[in-house]
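Converting from the sequence shown to the numbering used here requires adding 82 to each position, the first position being numbered 1.
Treat the hints as calculated values from the structure; they're not laboratory data. A few of these clues could be false.
Claimed, not checked - Restraint-style ranges between C-beta atoms, simulated for each label pair:
#1 ALA108 / ILE133: 22 to 30 Å
#2 ALA96 / GLN141: 34 to 42 Å
#3 ASP138 / LYS116: 51 to 59 Å
#4 ALA123 / ILE145: 21 to 29 Å
#5 CYS114 / THR137: 39 to 47 Å
#6 ILE106 / GLY139: 37 to 45 Å
For glycine and all other residues, C-beta sits at the position ideal for the given N, C-alpha and C.
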Amino acid sequence: MSATTAAVPFWRAAGMTYIGYSNICAALVRNCLKEPFKSEAASREKVHFSISKWTDGKQEKPIVVADGVNLI
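Construct the complete structure from the given sequences, taking the supplied hints into account.
Written out as structure tokens, the structure reads:
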């Protein structure tokens with residue numbers, strides 16, 4: 083079997099990355115949960131991180147981001 087005829091994962095054939103496919107599957111599973119498990123899963127879904135830009139070898143003030151929204 084050549085590389086051009088080999089089976090390709092359906093998520094790749096749809097033009098998605100594995101991370102995107104994984105996020106969609108996880109969201110579907112969380113939406114199928116019943117309470118109180120659904121609210122517990124929703125609380126674990128939140129993401130917080132900080133971004134620091136570097137200019138001329140110096141770090142600028144970090145920006146804190148939570149769920150895609152700047153907190154500063």
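Each hint tested on the structure:
1. ALA108 / ILE133: 22 to 30 Å: For ILE133 against ALA108, whose Cβ atoms are near 23 Å apart, the range 22 to 30 Å holds.
2. ALA96 / GLN141: 34 to 42 Å: Given range 34 to 42 Å: holds, Cβ gap about 39 Å.
3. ASP138 / LYS116: 51 to 59 Å: Because 54 Å falls inside the window, the suggested range holds.
4. ALA123 / ILE145: 21 to 29 Å: 27 Å, holds
5. CYS114 / THR137: 39 to 47 Å: For THR137 against CYS114, whose Cβ atoms are near 46 Å apart, the range 39 to 47 Å holds.
6. ILE106 / GLY139: 37 to 45 Å: 40 Å, holds
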